[in-house]
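Visitor: Can you build the whole structure from these sequences, using the hints too?
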Amino acid sequence: MRYSLAHRSQKFVAGLWIGWLSFGGCTFGPSVSNHSPATSGAGLSVVVTLQAPLTYGGSSSLRGELLSVSEQGLTLLLQSVKERLVLVPFAVVRESSSPQDRSASIGRSGVTPETYERLRLQSRFPQGLSGDVLRRMLELHGQKELNVAGDENA
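Each position in the sequence shown, counted from 1, maps to that position plus 5 in the numbering used here.
The hints are simulated quantities; they were obtained by calculation from the structure and are not laboratory data. Warning: the hint list may mix true and false statements.
Said to hold, decoys possible - Distance ranges between label pairs, derived from CB positions:
#1 Ile-23 x Glu-144: 28 to 34 Å
#2 Gln-132 x Ala-57: 30 to 36 Å
#3 Arg-107 x His-146: 24 to 30 Å
#4 Pro-94 x Lys-16: 57 to 63 Å
#5 Ala-57 x Ala-19: 54 to 60 Å
#6 Glu-100 x Leu-145: 27 to 33 Å
Ideal Cβ positions, reconstructed from N, Cα and C, are used throughout, including at glycine.
Guide: So, in structure tokens, the structure goes:
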């Protein structure tokens, strides 16, 4: 059985497309080499927009490293505030995003179980930040206690 030239050309073009798509899937998008949580001990860089501005800073957004995720909220190491460690309860989060992982974001409808787990795994302390580790982090950053975003006493 002989195939026509047009049929063979179609098979050749289809083969080229499959090869190109296979190659492109391996070279584009996130990889270990350009994903800092995979190449260092740091957690995701996140931007969290709050429901209301902070009373002590006046800002409604926080930018920092994601240290841990718990049922209470996100613990961040802030980049530009004297009180560097802060717990951001989920109740005060309007939305959050990460330039390193667009799928690890919290929208206005709240955090889904999938997003919670994705964020937890990409935090610096996926096992949680408590006890001796929390005490050492607070000492390192000159704090006596963990600040809580939205707490009037923070």
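Visitor: Determine which of the earlier numbered hints do not hold for this structure and return their numbers in increasing order.
Guide: 1
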